[in-house]
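With the hints as extra help, turn the sequences into a complete structure.
Chain order of the listed sequences is F and V. For the first sequence, position 255 matches number 255 in this note's numbering, and the numbering has no gaps at all. For the second sequence, position 57 matches number 402 in this note's numbering, and the numbering has no gaps at all.
Incorrect hints may appear among the rest.
Okay, derived cross-link-like pairs now, EDC-like style, lysine to aspartate or glutamate, Cα gap no bigger than 20 Å in a straight line [claimed, not checked]: (1) V/LYS509 to V/ASP398; (2) V/LYS492 to F/ASP333; (3) V/LYS467 to F/ASP333.
None of these hints come from the bench; they were simulated from the model.
Spelled out from the first residue to the last, the chains are:
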Amino acid sequence: MKEAIKKLTKAQIFWPLIIFLGILALNGVISGGEFFRLQIVDGHLYGRIIDIFRNGSKLMLLALGMTMVLATGGTDISVGSVMAISGAVACTIIEGSLFSFANGNVAFAITAAIIAGMLCGSWNGFLVSKIQMQPIVATMILLVAGRGIAQLICEGRIVTINSPSFYFLNGGYIFGFPFPVYIVVFFTALVLWGVRKTAFGLYVESVGCNAEASRFSGINSARIKFFIYVLCGTLAAVAGLIESAGIKGADANNAGFMIELDAILAVAIGGSSLSGGRFSLLSSLVGALIIQSITTSILSLGVAPEVNLVVKAVVVIAICLAQSPVFQQSFADLKFKFKKQEVAA
Amino acid sequence: MIHSGKRNFFSKNLSLFITLGLFVLLFSSVMVIGPMRSNRFKYIPVFFNLLNDNAYLLIASVGIMFVLITGNIDISVASTLAFSAVLSSFLLRLLWPAWVVIPVVLFIGFSFGAFMGFLIEKFKLQSFIVTLAGLFFLRGMCAVVSKESIPIENEFYRSVAQAKISFGSIRTIGKVNIYLYGFVAIAVVIIALYILRYSKFGRSVYAIGGSEQSARLMGLPVSRVKILVFAISGFCAALGGVLFSFYTLAGYALQNLGLELDAISSAVIGGTMLSGGVGSVVGTAFGVLIQGTIQTIVTLLNLNAWWTKVTIAVLLCIFVILQRVIAMRNDK
Numbered sequence: 001m002k003e004a005i006k007k008l009t010k011a012q013i014f015w016p017l018i019i020f021l022g023i024l025a026l027n028g029v030i031s032g033g034e035f036f037r038l039q040i041v042d043g044h045l046y047g048r049i050i051d052i053f054r055n056g057s058k059l060m061l062l063a064l065g066m067t068m069v070l071a072t073g074g075t076d077i078s079v080g081s082v083m084a085i086s087g088a089v090a091c092t093i094i095e096g097s098l099f100s101f102a103n104g105n106v107a108f109a110i111t112a113a114i115i116a117g118m119l120c121g122s123w124n125g126f127l128v129s130k131i132q133m134q135p136i137v138a139t140m141i142l143l144v145a146g147r148g149i150a151q152l153i154c155e156g157r158i159v160t161i162n163s164p165s166f167y168f169l170n171g172g173y174i175f176g177f178p179f180p181v182y183i184v185v186f187f188t189a190l191v192l193w194g195v196r197k198t199a200f201g202l203y204v205e206s207v208g209c210n211a212e213a214s215r216f217s218g219i220n221s222a223r224i225k226f227f228i229y230v231l232c233g234t235l236a237a238v239a240g241l242i243e244s245a246g247i248k249g250a251d252a253n254n255a256g257f258m259i260e261l262d263a264i265l266a267v268a269i270g271g272s273s274l275s276g277g278r279f280s281l282l283s284s285l286v287g288a289l290i291i292q293s294i295t296t297s298i299l300s301l302g303v304a305p306e307v308n309l310v311v312k313a314v315v316v317i318a319i320c321l322a323q324s325p326v327f328q329q330s331f332a333d334l335k336f337k338f339k340k341q342e343v344a345a
Numbered sequence: 346m347i348h349s350g351k352r353n354f355f356s357k358n359l360s361l362f363i364t365l366g367l368f369v370l371l372f373s374s375v376m377v378i379g380p381m382r383s384n385r386f387k388y389i390p391v392f393f394n395l396l397n398d399n400a401y402l403l404i405a406s407v408g409i410m411f412v413l414i415t416g417n418i419d420i421s422v423a424s425t426l427a428f429s430a431v432l433s434s435f436l437l438r439l440l441w442p443a444w445v446v447i448p449v450v451l452f453i454g455f456s457f458g459a460f461m462g463f464l465i466e467k468f469k470l471q472s473f474i475v476t477l478a479g480l481f482f483l484r485g486m487c488a489v490v491s492k493e494s495i496p497i498e499n500e501f502y503r504s505v506a507q508a509k510i511s512f513g514s515i516r517t518i519g520k521v522n523i524y525l526y527g528f529v530a531i532a533v534v535i536i537a538l539y540i541l542r543y544s545k546f547g548r549s550v551y552a553i554g555g556s557e558q559s560a561r562l563m564g565l566p567v568s569r570v571k572i573l574v575f576a577i578s579g580f581c582a583a584l585g586g587v588l589f590s591f592y593t594l595a596g597y598a599l600q601n602l603g604l605e606l607d608a609i610s611s612a613v614i615g616g617t618m619l620s621g622g623v624g625s626v627v628g629t630a631f632g633v634l635i636q637g638t639i640q641t642i643v644t645l646l647n648l649n650a651w652w653t654k655v656t657i658a659v660l661l662c663i664f665v666i667l668q669r670v671i672a673m674r675n676d677k
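So, in structure tokens, the structure goes:
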């Protein structure tokens with residue numbers, strides 16, 4: 001029994017999960033149980049918790065991609081801009097101003113948006129793996145220029161669309177659960193299968209631990225990295241689709257604005273190292289849920305949303321410090337000194 | 346390795362020549378396009394306006410260059426710049442005197458940079474994560490201070506904003522204005538040039554970029570220098586923010602989004618290597634002028650302002666690829 005508990009607390013996902021449940025419980029207490037109430041209207045589930053899952057779906061998708069990117073020792077800060085591009089592409093096609101031969105076909109629009117995301121990802125991947133640019137600079141190019149591209153696609157407007165079948169991506173329900181949840185489950189299963197049932201996951205971790213050594217042992221580091229960035233771009237595009245289905249249009253300036261830190265933070269909270277190597281996808285998903293629940297509770301408490309940014313920045317640094325071996329060492333030294341003083345006294 | 350002096354000089358400064366050539370090329374296209382758009386177009390004032398309009402960017406780029414030369418990165422400059430502009434306009438609205446506000450803001454920039462440098466150096470955190478957190482922290486703080494744009498009414502700021510030297514007239518070469526903040530930028534460039542070329546500190550910066558391990562073994566104070574470069578970058582960004590508030594006479598929480606790319610690409614276009622060890626102040630200054638020229642062209646052609654960002658991003662890519670090619674050629 002003791003062994004089992006020890007094993008449980010050692011699992012990477014354990015602490016994030018406890019924190020998530022803790023935040024939910026805290027919210028439940030503050031709201032006097034209102035928070036946990038689930039309603040069934042027309043066979044659809046409604047409630048705050050369902051909202052967290054629905055609104056958190058974008059971040060969960062991004063966290064999925066970001067976990068992989070960080071695991072290879074890179075980073076991708078362009079995900080917010082890729083979301084904007086994908087939303088812009090989808091909405092302009094549905095509206096008919098782009099590729100008018102498609103007659104606003106929703107399936108075509110979604111495919112085109114995902115392809116756009118893949119292209120963005122391959123651009124990042126090309127710069128990182130072939131040109132060997134630092135990931136932060138390579139993806140910063142798309143972070144800044146990407147929003148410009150989205151603006152150019154939208155021709156500087158906020159594109160609004162009227163297409164119930166496209167709205168389904170965010171607002172739809174299947175068997176009582178919101179549709180975005182299914183999207184997340186689908187992609188999680190896909191990526192999990194890829195990294196746990198094939199050698200690919202091992203390759204990713206090995207590239208993240210030491211790209212050079214992996215290359216010498218016959219792993220094509222460049223190709224792995226390239227593929228990971230494409231994956232991240234694709235997932236960001238899907239997140240962008242959900243976002244634009246939610247606002248029923250494309251807003252090149254605000255779609256996914258400053259969501260990059262959230263995605264990185266989700267991975268950090270999930271406990272995966274930000275400098276590459278071991279990673280856990282499910283922990284990152286819980287990390288994303290934690291961030292979403294914090295955001296939701298801050299909003300429901302009526303605190304200005306900008307404070308969010310400040311809090312998140314501090315949390316990222318705190319987690320990084322907690323992961324840093326040097327910090328752990330100096331912390332341990334401090335404890336040791338303190339104990340010595342106690343003994344002396 | 347025997348080279349004639351002339352060839353050595355040329356190959357040593359190859360990237361500087363490329364930068365200069367690009368600037369000349371772009372500026373001559375301005376000289377061609379300008380008269381087509383307006384018959385009162387004069388290119389000499391346009392040249393000096395590049396300095397006036399980009400003074401804040403020039404200072405921020407010079408600051409970030411110090412960090413890049415050591416092989417690190419600082420992506421928090423845009424937020425630092427915006428925060429110092431917002432904070433100074435906020436404090437001025439509380440009727441703080443300008444001679445208190447400016448040092449306070451500069452000190453905050455300096456110490457915030459030093460703090461990030463400390464985290465990076467002492468706890469061996471990655472510079473991109475720390476400065477990314479810094480970016481979000483300060484952007485959030487901007488909005489905490491004020492979400493609305495705050496106009497600056499202060500007398501001193503207003504008079505500095507208009508202080509300028511003018512010469513020429515519309516009939517001859519055109520009316521040339523050089524504003525005080527342009528001179529501040531020039532002063533910063535000269536000081537940075539001196540520090541990097543002739544001071545012990547400057548040479549340590551290059552040494553760390555070349556190889557941190559060797560620099561440490563040589564007995565250079567690596568930790569101190571690394572913390573200082575981040576502090577310099579923060580200070581320059583804050584000074585850029587002060588200049589920007591002279592320039593616009595307002596502070597707004599969402600101003601200068603994406604300026605970090607502008608600053609980094611100015612440095613890179615000017616020949617700074619992202620891998621560290623190489624970089625020149627003069628090159629960076631021309632990198633800034635090139636961006637200003639691109640902006641001028643975009644304005645002259647009446648294009649969507651976003652084209653500026655896209656073009657600069659493309660230029661940055663081209664230059665990084667170019668650097669790789671040059672580096673590979675040197676390895677051979």
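Each hint tested on the structure:
no., hint, in the structure
1, V/LYS509 to V/ASP398, "13 Å, holds"
2, V/LYS492 to F/ASP333, "43 Å, violated"
3, V/LYS467 to F/ASP333, "15 Å, holds"
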